[in-house]
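Here's the letter readout for the chains.
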Amino acid sequence: MNQTLPTMKTYMKLSLKPSLLLLACILGFSACRKTETPIIEPTVTPVAPSEKGPVKGFFLLNEANMGSNKASLDYYDAESGKYFKNIFPSRNPNVVKELGDVGNDIKIYGNKLYAVINVSNLVMVMDVNTAKQIGVISIPNCRYITFDKGNAYVSSYAGPVKIDLNARLGYIAKIDTASLAVKDTCVVGYQPEEMVIRDNKLYVANSGGYRIPNYDNTVSVVDLNTFKETKKITVGINLHHMKLDSDQNIYISSRGDYKTIPSNLYVLNSADKITNVLNIAASNMTISGDSLYVYSTEWSHITNSNTITYAIVNTKTKAIVSRSFIKDGTDKKITLPYGIAVHPETKDIFVTDARDYVTPGRLYCFTPDGIKKWDVETGDIPAHLVFTRKRLSGI
Amino acid sequence: MRYLRYAKLTAIVWLTSFTSSAFAQKVDTVKVHPLKEVSVLGDSIVREIIPVQTLSGKALKNLSAFSVADAIRYFSGVQIKDYGGIGGLKTVNVRSLGSQHVGFFYDGVQLGNAQNGVVDLGRFSMDNMMAISLYNGQKSAIFQSAKDFASASSIYLVSRTPEFLGSKRSNMMVSMKAGSFDVVNPSILWEQKLNDKLSSSFNAEYMNTSGKYKFREAKIGGYDTTEVRQNGDVYTLRLEGGLFGKVKDGEWKAKAYFYNSERGYPGASVKGVPGQFTNQDRQWDSNFFLQSSFKKKYSDLYSLQLKAKYAYDYLHYLSDPRLDVSTMYINNKFKQQEAYLSAANLFVILPFWTVNASTDFSWNSLDADLFGFVYPVRYSVFGALATSFDFNRLKIQGSLLGTFVHESTRIPSAAAGNKQKITPSLIASYQPFDTPDFSFRAFYKSSFRLPTFNDLYYTYIGNIYLKPEFSRQYNLGASYLHEFKHEKLKRFGLQVDAYFNQIDNKIIAAPGRGQYRWSMINRGYVEIRGVDVKLQSDWQVSSDVMINARAVYTYQKAQDFTDRASPYYGAQLDYIPWNSASLILNPSYKSWNLNYSFIYTGERYEAAAQIPENYADRWYTHDLGISKTFFYKKKEVRFTAEVNNLLNQQYDVVQNYPMPGTNFKFILHVIL
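Residue numbers (the working numbering), protein chains in the order written: chain A, 1 to 395; chain B, 396 to 1067.
Certain hints may be false.
Claimed, not checked - Quick partial rundown of chain A residues pointing at chain B, CB under 10 Å, derived from the structure: (1) G67; (2) D380; (3) F387.
Said to hold, decoys possible - Per the computed footprint, the stretches of chain A lying under chain B, defined by three or more beta-carbons under 8 Å from a beta-carbon of chain B, are: (4) 99 to 110; (5) 115 to 124; (6) 133 to 143; (7) 161 to 175; (8) 198 to 205; (9) 348 to 362.
Calculated directly from the structure, the hints in this document are not laboratory data.
The beta carbon of each residue, even a glycine, is placed where N, CA and C say it ideally should be.
This is chain B alone, in the form it adopts within the complex (with noise of 0.2 Å):
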């Protein structure tokens, strides 16, 4: 019995680190806008009617952030499960939905994992990154592929197109990072233009950690113990490549990407017996993918947008007796591919009203050499359609999603059926006053996610009979934002979102079939209540000092309505705070940059009891980096400094998970 909860445990905890598939490339707006350099809302120009973050520009590229993961921490509304480290893995849950509902699209197209339903965002480096988009509900802008409405909130990551200034046709940049936990982080960029109408990319990244750090426990008037992290060693590399082209009204890119690494799990920071038995288990990865996209507008009416993609993704995980005799032999190799293809239409039938028609297919497979594996397939069907109505001061948008799923596995009848699903949504906004920069906006929207690979077919935990996760968003905010024309405040915005969301049959494991089995069952109903705050100030107070600031902060109540028996009926979900906030602030002055950071994570509860022993106290860190410009030998040379957890918080995340106290890093960065 045991080791069927251990394999269960362990198949949670590594194969959610499983990562993506592959993923397009292609910046994913409608309109063209060069993206402000000052900017930290992202373009102020464009007036989301959905309530949207985004970190990019200078703003990212400010921020002490290692991974993706640490740099969405700055959002509202969202709970990053970080279990520590480097290599740790690091997931996202916005508004408390549950991490298989945020879609994740890394330059326009979804970075899948029909696996496990998440993306390990701390396998995403910022090296290449020029901005990080967070939706609530969907993109509001309706010209984008089926799969773009299918999840309940979204995430987009965009990397570095190319751009030359003036009449350089090359560009080349190396950098290296390097600091605690003896990193070692060099990469390399070159673009290069190799006509007016096509150019094309390569960036190399490399990165090896030791992942050691010091962590300390401690009880009042008890013991005080500090340890050391040990098999967190980490090693990756990445290497991508694309082609941007031009034609007439209209763009391309290819895009190929690789990774591979091979990290070590430190497990759980549990009592043992000091100095043995730690833990030795071994994960490698390899992730290669090649996506592509077109859009043209061939008339005023009619634009086009094709996307296609390929991946590959390699998993094998080891956990070795004759390295930890403690251990139970484990020796899985995992290997996923996917297959994607997309085209949406956008026709503009009036003046201000637009329609968007897009199919979507997709293929996964998952093959794995666990016991009685199926080996299952999945071909799924999306399409949408959408419209939007601009009247001026009211906007509306309105989408329906259906989704048409039907899986094969090499046994016969092990499949889960098919599934069918129309989903829609509602987008509103309107704008009260003659000003366009106050306005109210609203929006419903009904989301599902199919049941994973993992919760359907895992051996002996899996149950083809699940149904999909099926949730419901209701956000009603406001929002304000100025700019002003000869103030030393350049811009200024505030937006309040109060929301309640639903989530219906949540698969959850629970014990039940027999003694010893577990099984994934559709038992659970959610409710979620929260307020989200974004507060953003740029200002220029003089023409050497300018600062740009901003706050979140976000209230949570997500409660467990499952079982009205139950004593923790209406209990606050595990690991979500009631309390959470963040604040940026990055003044800088001539070619001195400074960025202070701080996160807060109010206290939660481990588990649904609230009782002593599953408490999880408050904890708040402090970031400071400091970098400066110059030239050397007509190079641009830049250099930062950064101290994280500035006052050496010691913290976990997720119990026993401990996070690294006061830490280092220097970057070194030369645009040759």
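With the rest of the complex left out, here is chain A (with noise of 0.2 Å):
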């Protein structure tokens, strides 16, 4: 028999050996990469001049698109005049999955900072002096929180399913602010939105948005002391936020039905009763000292575009003062305004750019009179900011 088998020095003769050398190559290669990923470390820029003052700087929370887990924390200090990009994984190495998934509203408490977490149906707590986390609030579909003596009150689109899946109620949960315990649930109207407090009553906006096109169009109020729904007040369909005056008055934001009803904002006087509807739309506002600053977004089918308009509106007289409140043409820059605030000390004016959802949004600072001091990127959707008295640490 000739035929005999082929050595292995054959084998390589025929050039076996490029595709074993391959093989090595991708064997050896392969130990380099480990599940294990760094923790993203704050992006630093420096905005503008240090500052002094009882405000030591602001958080801002990025909301960031569904499904895409990058809710994230931005803080702005004072005093070095720097911005913080994203602080929370670094501060908190250990808590799985960092913030969580879109971020809808920050409030600070005593010591004590919160962030809603909507699709990760909780509310972070941190520490307002380290934003390390404290603890975790389980609410499923929380969407804003507001407080009164020592509780915190925080609203929510899962209230009781019944048996029209379409009309399910939404509630608002009591929580202990000391130990993070939800003590009681009171059920309101259709997907509650933002809140207010006033004179021991919780005004819940209820926007009824999962039942288009049959919105809600009422407020409904709360007594603190039975922590029971007492009535519903009917102002507008597709309430969604809610701020409180100097002289008790709630002003109420209305989305409209994105068709033929356009947004709208109303005024809800101390003895509940709307006074006035003020014929703007509202997409998001502030107030501060007698001054609300609203921004509002038209679609124009004329000119086949949007048409921003950035108002303030006396509240002692309900007067539209201004219909541009950025003078030095930055708004033609801003594509998406989604989050507003003005300065408790120095009434600076901030608008947040949203973009296209899914790249860095930017925070844009001004001066009360409208001209831009600096500009900075966020994260993806920025929203909602708080002021903070109390400089973080670490920095």
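Dock the two chains into a complex; use the hints.
Put into structure tokens, the structure is as follows:
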């Protein structure tokens, strides 16, 4: 028999070498990639000269797109004039999956910083001095938070499930801010959003957003002594934001139905009566002193584009005193305004730009006269701002 | 505002998993060649003048692939988006043109999906598959229906045609797969020779899996967590029946196909309260189609090919707050129908010059119980004129495709306008030397994809003024393929292609129409530059030992040049890695067979901004399978054991959709 099995040498000669070499490279190289990824460090940008004062800075909560788990927390430090983007992971390396998915609201109460993380179904509670997690409050589909007398109140879309799954009420959860335990719940209207507390009563805007086109059009009033809903006030459809002014009026924004019914702004006085319908579209707003700063984004079918108005309403007279509080043309750079805030001391105006939702946003700081001071890159969908009187440690 | 974004994202994620419409069963080649068992590149005698990759026969059978999606990963220039697990959505993007630009053909007829334009490849099991081919541009056999000219790239899935050895009159095979994720997957195939001219086949497959697997996430110096993927269970049932006939100088086929499934959707793995509010969404699909084809050579000068199909697809998606209190209630049912007719005529004008004229007609409708839905219907007519010159060393093909689309809706004046477009393509190959082994090739092709029904009509988000997305491809390459007569190395092939692609009027979802309104708009211009390298070799080392090896490498720079003023002008597209590669080694010794495969996907970014938050690390997996064929009571039995992701790499293809670590599969296949 002439046939012999080829030797190893023959294999090599036949240039099996390249394939084996390739294989060896692959196996060796596959030892390189680890499952553990590095913790993301904050990006630090100097943006402004140093400022001293009772307000030490602010936290900005970036919502980020649903399913991305990229809700993030930024911090601006007035004393150093530096902006710190994405501070949570480095300060909380052991918190699984960082902040979470879709940040919806951020507030400070006492020594704690509360961030409502909507799609993660929790409120992240941090130490306001360090931004380190103290605990979480588990609330499904949580939306906004407000505080009164040692209690936190969180609105949630996830009310009791009844027969008609399309008509699911929301509720308010009452949480003890010391123990972070949910003490009680109160069923309100459909898909409740922002809240205001006045005269020992909690007012909440019921949007009814899940029930398109049958939006809710009420504000629920909850007595804080009994923690029961006492009445509903009819205001307008698809209500969203609520802000309290110095005269105990509540300004309530409606998003309209995006088709024929436009967005609008209502004033509810201390006697629970609607006193004004301001006929200005209101997407988001904030009150500082006697001024309500509001921006509105209106689609025009005529020009086939958005018209964005940056307005100021005098809360004493209820008159619209300005329709463009940004005076230097920077408003043309802002694609999609998403958040608005006014510095309690300096009255600087802050507006965020969510751009296209999938790229990092921008934060703009204006003087009270509407001239841009600085702007900086933020996380995805910058939205909610809260000023702090305690300087963050470790800066 | 959140619910609109939620609704849109939900729509996009689960509507993209809506499966295909009907497809005709037809072996899609002009020349009839027996598929060589050893071949890795398909039939080596056919030297295609367009870049093509094929996995067929033994190579396909040995590949440890659960579904067609797994097999396609080994091709160069492709990007599979895999949402994890067996039930997770899997879509293909070829040369970064976009997954809606890929045409899928099952036995020669397009798997359409007018609703969202993509086909979920995870649905197609490897059980009945004979060959999978990927053509960049279009198949360079001009005798094809008009729709074959209509996509930027085409993937052909060819199912088994009954073949009876010797005097056998029937074939019967059963197989059983089981393994990780609690997979139970029996199937049966029965082929019957009815007479010399007619045979039939019947194939049934059932699959059930819990879809559970562990995955781990960890940070250096931080948390380290291992979780289990929940609500990923899948049940599927597939029934296929076919009739195959021969006529003088021709053949015909008819196929009926039924697919039924139920699956859970685990959703993105985001932060939550441990053990609470886990995603409980579920989806039910039923797909049915009937397709047939007929091909006959009437004379040396004229051949005719006819195709027809009808398809019905039903999808039901449920997100139930009684199971998961945190969710928004969604309960939607979608029904799609498609009817399709095609006629292709091949004329041989001169021995070196053939012309094809084909026309296709298709009708698509969508019925959805969404609020304010307009119930669109689309009528499309396609006409293709193609010509092929074979000057021995120089081969040229040119084609012109005309597409005419008319849509109507139940609600008047809600339909998108008519569209008509003529798109050309030109393919050439030149053999510079005497040997046919080496050739240069080049092609130019323009094509487009229509806006889908979702793009146009989805309540609140659709935009009926959308224009089609337009693509242009330029390819230049060289191919060397040699068959050795008396060497141990039996065949060696190397193909290198460099390409430049452009996408215009890219359809994207963008906020814009008011604060909370999203809309689909045409605003996007993308340029893609890439190189595909494909290497293959087949060895007959001894009379008992054979080795097949194939390797591919792709380099791609796919950049968004939409907005010059944007800080992300020129950024690499989401999820497109710069480098990717794969390797398959398949030695066999007598009745033993070993298969090793390796896939590498380089680093990429999940969004335009190249910041650490969007960084996706490179990943690679090793799969190993061994099988033995033996006889038991005169029946041929083949047993296979596979271990996939051998080194337990933890990775996500799509951010927050973890992929399984090491997993196993055992297959028992018996020919009765």
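Quick rundown of the hints versus the structure:
Hint status for A:G67: holds, given a least beta-carbon distance of 4 Å to chain B, under 10 Å. Look at A:D380: its Cβ gets to within about 8 Å of chain B, closer than 10 Å, so that hint holds up. The interface hint given for A:F387 is broken, as the beta carbon of that residue sits about 24 Å from the closest beta carbon of chain B, more than 10 Å. Restraint check on the region 99 to 110 of chain A versus chain B: 5 residues with Cβ-Cβ distances below 8 Å, three needed, restraint holds.
Residues of the region 115 to 124 of chain A with a Cβ under 8 Å from some Cβ of chain B number 6, which satisfies the need for three, so the listed coverage holds. Figure legend: the region 133 to 143 of chain A, annotated as covered by chain B; annotation consistent (4 residues with Cβ-Cβ distances under 8 Å, at least 3 required). Closer than 8 Å: that is the beta-carbon criterion, and the region 161 to 175 of chain A has 4 residues meeting it against chain B, so the requirement of 3 holds. Counting residues of the region 198 to 205 of chain A whose beta-carbon sits less than 8 Å from any beta-carbon of chain B gives 0, not enough to reach three: the coverage restraint is violated.
Interface restraint, the region 348 to 362 of chain A with chain B: holds (6 residues with C-beta to C-beta distance below 8 Å; minimum three).
Comparing the model with each numbered hint stated earlier shows that hints 3, 8 do not hold.
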